[in-house]
Amino acid sequence: MVIELYPIELGHNKLDSKTKKLQTTSNNDNNINSIDWSEKLMKLKDFIEKYMIPSSKDNDSTNTESSKVAYLAQHSLIEQLPSLLNDFKFPLFLQTTGDAKVHETEEERISPHIWLGTGNTITPLHFDSYDNFLTQIVGYKYVRLYPQNQISNLYSKKDEGDENNFVKNSKTAQNNISFVDFEDTDFEKYPLLNIANQHYTESILAPGDILFIPSGYFHYVRSLSTSLSLSFYFIKK
0 MVIELYPIEL GHNKLDSKTK KLQTTSNNDN NINSIDWSEK LMKLKDFIEK
50 YMIPSSKDND STNTESSKVA YLAQHSLIEQ LPSLLNDFKF PLFLQTTGDA
100 KVHETEEERI SPHIWLGTGN TITPLHFDSY DNFLTQIVGY KYVRLYPQNQ
150 ISNLYSKKDE GDENNFVKNS KTAQNNISFV DFEDTDFEKY PLLNIANQHY
200 TESILAPGDI LFIPSGYFHY VRSLSTSLSL SFYFIKK
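Here numbering that gives the first Met the number 0 is used: position 174 in the sequence shown is 173, and no number is missing along the way.
If you are wondering where the hints come from, they were derived from the structure by calculation, not from laboratory data.
Warning: the hint list may mix true and false statements.
Claimed, not checked - Simulated crosslink set (DSSO-like; lysine-lysine; CA at most 27 Å straight-line):
id, residue 1, residue 2
1, Lys188, Lys156
2, Lys67, Lys42
3, Lys88, Lys44
4, Lys67, Lys56
5, Lys42, Lys56
6, Lys235, Lys88
7, Lys156, Lys235
8, Lys49, Lys67
9, Lys67, Lys39
10, Lys39, Lys156
11, Lys67, Lys44
12, Lys39, Lys49
13, Lys56, Lys39
14, Lys56, Lys44
Use the sequences and the hints to build the structure in full.
The structure is reproduced here in structure tokens:
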């Protein structure tokens with residue numbers, strides 16, 4: 000029997016955390032998630048039982064501590080479990096054919112990706128290479144967007160190993176990340192953000208809401224509750 004394992008992000012993904020040293024973990028299960036951020040392969044059942052169920056019972060999951068935060072982020076779960084296509088339909092304005100499950104033209108295809116996580120998950124400021132219709136299904140999310148003309152003020156960096164003591168991980172490897180902690184910005188260290196912050200747009204997504212995020216737009220996302228979202232990416236062929 001093949002056991003499927005899924006990449007689960009553990010902890011707050013705050014990449015600029017020079018004042019927080021990574022803690023060495025022991026075999027003690029209570030301490031395994033005490034670092035700011037890590038990624039672990041887990042069975043879906045374990046992820047749901049250990050993190051999602053407790054989060055769903057939390058009346059104020061906006062303040063979930065880092066050790067209890069877990070995220071199946073931007074994952075192609077539907078490709079692994081195609082039967083999930085029976086549980087939803089693409090929004091009508093995204094359909095390119097009469098078949099609600101076929102969304103492909105000669106130029107592009109629409110690829111749905113899942114975001115499933117506890118309250119207080121944090122996706123640091125970044126941009127995607129594809130147009131994205133972010134669709135909220137369960138729970139609430141805070142989203143902040145910066146236009147492309149602010150890129151010089153957002154301290155975007157490529158991953159260069161351990162420069163500035165940043166942790167090298169799958170997020171930074173995308174070369175589209177700003178390492179600023181937007182929850183607690185140090186404006187003395189990042190003064191240009193005073194300019195960028197005059198131009199951002201923010202929104203709270205509720206169940207049923209869809210937000211269009213154009214390719215190249217920087218966006219920061221924080222879950223305000225236990226949350227399930229779908230990103231419909233337009234993938235050019």
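Status of the hints after comparison with the structure:
With a C-alpha separation of about 15 Å, the suggested pair Lys188 and Lys156 falls inside the 27 Å cut-off, and the hint holds. For the given pair, Lys67 sits about 17 Å from Lys42 by alpha-carbon distance, which is consistent with the 27 Å threshold. Between Lys88 and Lys44, the direct Cα distance comes to roughly 25 Å. Compliance with the 27 Å bound is thereby established for this hinted pair. Between Lys67 and Lys56 the alpha-carbon distance is near 13 Å, which keeps this suggested pair within the 27 Å criterion.
Taken as a hint, the Lys42 and Lys56 pair is honoured in the structure, with Cα atoms around 21 Å apart against an allowance of 27 Å. For the hint pairing Lys235 with Lys88, the CA-to-CA distance comes to about 21 Å; that is within 27 Å, so the pair holds. About 25 Å separates the Cα atoms of Lys156 and Lys235, which keeps this hinted pair within 27 Å; it holds. Under the criterion of a C-alpha separation no larger than 27 Å, the hint pairing Lys49 with Lys67 is consistent with the structure, at around 9 Å.
Pair hint Lys67 plus Lys39 holds up; C-alpha atoms about 14 Å apart against a cutoff of 27 Å. Proposed proximity of Lys39 and Lys156 is supported: the alpha carbons are some 24 Å apart, at most 27 Å. In summary, the hint linking Lys67 to Lys44 is supported, as the alpha carbons are separated by about 16 Å, within the 27 Å threshold. For the given pair, Lys39 sits about 13 Å from Lys49 by alpha-carbon distance, which is consistent with the 27 Å threshold.
As the CA atoms of Lys56 and Lys39 are separated by approximately 23 Å, the hinted pair is consistent with the 27 Å bound. Our distance criterion of 27 Å between C-alpha atoms is met by Lys56 and Lys44, whose separation comes to about 17 Å.
The structure fails none of the hints (numbered hints given earlier).
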